[in-house]
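Trainee: What follows is each chain in one-letter form.
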Amino acid sequence: GDSVTQMEGPVTLSEEAFLTINCTYTATGYPSLFWYVQYPGEGLQLLLKATKADDKGSNKGFEATYRKETTSFHLEKGSVQVSDSAVYFCAPEGGGTSYGKLTFGQGTILTVHP
Amino acid sequence: DSGVTQTPKHLITATGQRVTLRCSPRSGDLSVYWYQQSLDQGLQFLIQYYNGEERAKGNILERFSAQQFPDLHSELNLSSLELGDSALYFCASSVQAGGPYEQYFGPGTRLTVT
Numbered sequence: 001g002d003s004v005t006q007m008e009g010p011v012t013l014s015e016e017a018f019l020t021i022n023c024t025y026t027a028t029g030y031p032s033l034f035w036y037v038q039y040p041g042e043g044l045q046l047l048l049k050a051t052k053a054d055d056k057g058s059n060k061g062f063e064a065t066y067r068k069e070t071t072s073f074h075l076e077k078g079s080v081q082v083s084d085s086a087v088y089f090c091a092p093e094g095g096g097t098s099y100g101k102l103t104f105g106q107g108t109i110l111t112v113h114p
Numbered sequence: 001d002s003g004v005t006q007t008p009k010h011l012i013t014a015t016g017q018r019v020t021l022r023c024s025p026r027s028g029d030l031s032v033y034w035y036q037q038s039l040d041q042g043l044q045f046l047i048q049y050y051n052g053e054e055r056a057k058g059n060i061l062e063r064f065s066a067q068q069f070p071d072l073h074s075e076l077n078l079s080s081l082e083l084g085d086s087a088l089y090f091c092a093s094s095v096q097a098g099g100p101y102e103q104y105f106g107p108g109t110r111l112t113v114t
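Protein sequence lines correspond, in order, to chains S and P.
Residue 66 in our numbering is what sits at position 66 of the first sequence, and the numbering runs on without skipping anything.
Residue 15 in our numbering is what sits at position 15 of the second sequence, and the numbering runs on without skipping anything.
It should be emphasised that the hints constitute simulated quantities derived from the structure, not laboratory data.
Errors might be hidden in some of the hints.
With a straight-line cut-off of 30 Å between C-alpha atoms, the simulated BS3-like cross-links for lysine-lysine are [stated by the list, open to error]:
1) S:Lys-56 with S:Lys-68
2) S:Lys-68 with S:Lys-52
3) P:Lys-9 with P:Lys-57
4) S:Lys-68 with P:Lys-9
5) S:Lys-52 with P:Lys-57
6) S:Lys-77 with S:Lys-52
With the rest of the complex left out, here is chain S (with noise of 0.2 Å):
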């Protein structure tokens, strides 16, 4: 079935340091990517996606690409504030019988400090 392993958690950062977070997957057929962002006592947001190969998602400073061969999509961020702190998720949605279904990874805690 489809999987995630997401970035162990949770990650410290300071403000303006630069941010990777690491995603790799396995699902079926060519599935869209996501990451979803969930602040604290929120549900989750999309943040970006990308839907198909070498695609790049982006939103607030945020970026990821979908690399194909790797089955990676990493998110990275130049310079992270204190507002980005919050859980982040990544999510292949499954193609073929799995169509619809976000598989998500376990999250990684970002943590901003000033």
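Using the hints, position chain P against chain S.
Mentor: Chain P only, in chain S's frame:
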């Protein structure tokens, strides 16, 4: 605010009981998804409906059932509750079923089984 509403926000009940969680999707969205988030299992897909029909099933227990009504709202029924069913239950909706379509998440229902 994602436009997805879930009621109730919190629910405390005893083992062996039955509860119903309700979800109203965003206006115009035809697909509804249910997810369970717990500390030990992480975020797991339970079930998906599209325009009233079951579309995909995940790790949903037989004690759990769901349906989507003609007005597109959905209910998740949990019966014979066990301590291990304590979790945050999220509903999400999207305009179509799966693929590149973003899923919009509700704020969740926190279920505590005592």
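Trainee: Look at each hint and say if it fits the structure.
Mentor: Now for the hints, and whether the structure bears them out:
The hinted pair formed by Lys-56 (chain S) and Lys-68 (chain S) meets the criterion: a straight-line CA distance of about 12 Å does not exceed 30 Å. As the CA atoms of Lys-68 (chain S) and Lys-52 (chain S) are separated by approximately 8 Å, the hinted pair is consistent with the 30 Å bound. The suggested pairing of Lys-9 (chain P) with Lys-57 (chain P) holds, with an alpha-carbon distance near 24 Å, which does not exceed 30 Å. Our distance criterion of 30 Å between C-alpha atoms is broken by Lys-68 (chain S) and Lys-9 (chain P), whose separation comes to about 39 Å.
Of the pairs offered as hints, the one joining Lys-52 (chain S) and Lys-57 (chain P) holds, with about 25 Å between alpha carbons and a cut-off of 30 Å not exceeded. Proposed proximity of Lys-77 (chain S) and Lys-52 (chain S) is supported: the alpha carbons are some 21 Å apart, at most 30 Å.
The structure fails to meet hint 4 from the earlier list, while all remaining hints are met.
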